[in-house]
Amino acid sequence: MGARAGVGAGAGGTAGFGGTAGFGSRSTAEEVLRGIDLSGRLALVTGGYSGLGREATAALARAGARVVVPARRPAVARAALAGIDGLEVDGVEVDELDLADLGSVRAFADRFLASGRSIDIMMNNAGIMACPETRVGPGWEAQFGVNHLGHYALVNLLWPAIRRAGGARVVVLTSRAQHPSAIRWSDPHFTRGYDKWQAYAQAKRANVLFAERLDTLGREVGVRAFSVHPGHILTPLQRHLSREEMVAAGWVDLDGNLVDAEFKTPEQGAATQVWAATSPQLAGTGGRYCEDCAVVDQELDPEGAARLWTLSAELTGVDAFGTRP
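Numbering (the working numbering), first residue to last: 2 to 326.
What the hints contain is simulated information worked out from the structure, not anything from laboratory work.
Predicted model only: the values in this text are computed from it and were never measured.
A couple of the hints might just be wrong.
[Claimed, not checked] List time: in silico DMTMM-like cross-link candidates among lysine to aspartate or glutamate, alpha-carbon distance up to 25 Å:
1. Lys197 <-> Glu245
2. Lys197 <-> Asp111
3. Lys197 <-> Asp102
4. Lys197 <-> Asp96
5. Lys197 <-> Glu134
6. Lys197 <-> Asp254
All chains, full assembly: derive it from the sequences and hints.
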């Protein structure tokens, strides 16, 4: 994946959100936020009631943030969050949002903007992986539609609240599955043959390019964006994979027990996204790809990022910047 850049684990500092450094692959979200006071800050975490999102929501709320969790199934989300020990119930609010439905995205954004609040941390955490061929919205391939286009539209529609915060960070979850050639520019919706892993790789590459382009567009008003690979973790993200597939990949044994030592716990998996959202080590930088609470030296692709932004604007009809590269 390349060498880690200098803003990775090890450097100290108390600027920005405050806190200390020295984190790595086995750090937890709670450890990353130890000593950081997020009182008065608002974080929005999509999918913040399941898997890594639930851990991030809990850690941010315990650090004092008000956390908004948009969820496709609000009742399920409330029940999942109510079961977190030590979580202040009034520190988290749940609202309805289906990232596969642009009407739902617009309705949620309208409700939030009507509240007049700012967003200090925007965490694009929700996602699907390796699902059967599925169409959402106006015929979009589901992984590209949910993982990228839904979040693209949501961030653009919420841009007034993100910009108003003055120094907000946007964190986008991606994966090592992403690679520079993953975008199928001539057929992004896989109308000519579907492969679930190629579709996942494309969606995750889109997440990286989105963060890079958003950072370019938003940095003049103090908004910085990062893409994050959380590591390998068993969560509901694997819901579409059979036991046999996970055994063949070397993740689990025949009884479903984890056997791959590289896998993290959910608490460890949520650390990098929380770190990217709050670490003072990242002050003055953005548009970068992160792993294990460190920035990875991965080549940027401004041309591809701008091209994807244009395509996304055309597909969704949303562009807060009115830009065309």
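These are the hints, each one checked on the structure:
1. Between Lys197 and Glu245, the direct Cα distance comes to roughly 16 Å. Compliance with the 25 Å bound is thereby established for this hinted pair.
2. For a cut-off of 25 Å, the pair hint linking Lys197 to Asp111 is broken: about 33 Å separates their Cα positions.
3. Annotation: proposed proximity of Lys197 to Asp102 holds, straight-line Cα distance about 21 Å (limit 25 Å).
4. Restraint check for Lys197 and Asp96: the C-alpha separation of about 30 Å exceeds 25 Å, so the hint is violated.
5. Under the criterion of a C-alpha separation no larger than 25 Å, the hint pairing Lys197 with Glu134 is consistent with the structure, at around 7 Å.
6. Taking the CA atoms of Lys197 and Asp254, the gap is about 23 Å. The hint holds against a cut of 25 Å.
Going through the hint list in order, the structure does not satisfy hints 2 and 4.
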